[in-house]
Amino acid sequence: MQHLWIAKNDWDDPVTEEVNRTWSQFREQLYLLTSIKVARHAFVDKGVLLQLHCFCDASEAAYGACVYARSVDADGTVKVELLTSKSRPAPLKLYCLRFIRRCQGKMIEYGFIKCNEYAEAKQTLIRALQRKEFNEEIGLLLKNQPIPANSKLKRLRPFVDKSGILRVGGRLRNADMKYAAKHPMILPGKCHFSRTVAVAYHEMILHAGPQLTLAALRQEFWPLNGKTLVSYICRGCHTCFKTNPATIRQPPGQMPKQRISPSRPFSTVGVDYCGPMMLRQPHRKSTCQKAYVAIFVCFFSKAVHIEIVED
Numbered sequence: 001m002q003h004l005w006i007a008k009n010d011w012d013d014p015v016t017e018e019v020n021r022t023w024s025q026f027r028e029q030l031y032l033l034t035s036i037k038v039a040r041h042a043f044v045d046k047g048v049l050l051q052l053h054c055f056c057d058a059s060e061a062a063y064g065a066c067v068y069a070r071s072v073d074a075d076g077t078v079k080v081e082l083l084t085s086k087s088r089p090a091p092l093k094l095y096c097l098r099f100i101r102r103c104q105g106k107m108i109e110y111g112f113i114k115c116n117e118y119a120e121a122k123q124t125l126i127r128a129l130q131r132k133e134f135n136e137e138i139g140l141l142l143k144n145q146p147i148p149a150n151s152k153l154k155r156l157r158p159f160v161d162k163s164g165i166l167r168v169g170g171r172l173r174n175a176d177m178k179y180a181a182k183h184p185m186i187l188p189g190k191c192h193f194s195r196t197v198a199v200a201y202h203e204m205i206l207h208a209g210p211q212l213t214l215a216a217l218r219q220e221f222w223p224l225n226g227k228t229l230v231s232y233i234c235r236g237c238h239t240c241f242k243t244n245p246a247t248i249r250q251p252p253g254q255m256p257k258q259r260i261s262p263s264r265p266f267s268t269v270g271v272d273y274c275g276p277m278m279l280r281q282p283h284r285k286s287t288c289q290k291a292y293v294a295i296f297v298c299f300f301s302k303a304v305h306i307e308i309v310e311d
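Oh and the sequence shown: position 16 is 16 in UniProt numbering, straight run, nothing missing.
Worth flagging that the hints you see were computed from the coordinates, not collected in a lab. All of these numbers come straight from a predicted model, not from anything done at the bench. Please note that the accuracy of each hint is not assured.
Said to hold, decoys possible - Computed cross-link-like contacts, EDC-like style, restricted to lysine to aspartate or glutamate with a CA-CA straight-line distance of at most 20 Å: (1) K290 / E307; (2) K86 / D57; (3) K242 / D272; (4) K37 / E18; (5) K290 / D272; (6) K190 / D272; (7) K290 / D311; (8) K302 / D272.
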C-alpha cells in the first residue's frame, strides 16, 4: 500500500509488474498462518523467576519488535512464549527531508534515521501546518505588530521562536519546567494532524481519560479547543469503549407517604448536622468553643430551620 501511495496510483490503475510480484509472494505465504500457534497461558505454574526478553529490528522498508516471556519454576522447568509483536512500515517524511538536503548539496548521509532527524521532521510538519492555518498572525508577529483582537490566538500571547514555530507565550517563562512545556507549539483544533497527535498521546499514557490526555498533550502541544478535541478522541476510542461498559442505573423508588401527603409544617422532618465551627463570646477574655449547626427540613413543604447546637 505504501508503494502504491508513493506511485500515486488511482484506485482503478493497473499495478506494475514489481508490485504484482510482491503481492503474489505475500499471498502465497498466507497459508503459513494456519501453522502458527500462540499459547494462551504464557507462564509456568508456581514460577519463581520471570523475565521479559525484547527484540527489535529495522530496515529502510519497515521496523518491528517482539516480546518473549521466559519463566522458570521451582523444579528448573523453563518455558518461553511469545507475548506480543508489532511491525510497521518505515515513515516516509524523514527520507523526504534527507532527499531534499542531498538535492541542495547540504549533506550526504546514509544509514538509519537518527533521533534529531525525527525531531526536525516533526518541526517541519508543524511549521507547514501553522503557515497554512495561522499565516496572518505569523506575518504580523514577524513584523513585531500586534495580532487582531478578534484572533483566536490573542489570549495565548503567541510568539515565533528561532525555528519559525508559533508557540504559546503565557506567564510561565520563569518556571522550572522544560521549554516545550512552558511554551507549547500551537496546533489548530480541527485538522487531521492534531487528531493524530492526540490519539498518539492518548495511547502513550495507556488510554487515560480526557483530562489526563489533555495534560500530557499540553506538555508539548497546545491545540485550540483542546478539551473538545481530546473528548472526541476518547469517545471514539474502541479500547476505552471496551473497558468502560455502560453500567446499570438503579431506578428510583417510590416516595414515602410523608413526602407527598399535605400536613402542617415540620410535622415530619429530616435532621442533619454540619460543623464543627469555632465560636467565641463577645467579651475580651472568652475562649473559642466548638459549635454545630442543626438543620431541620420539612418533608412536605421543604422549609428549612437552622439552630446552633453546643458540643
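Unmet hints by their number, sorted upward, for this structure: Hint check: 3, 4 and 6 fail, others pass.
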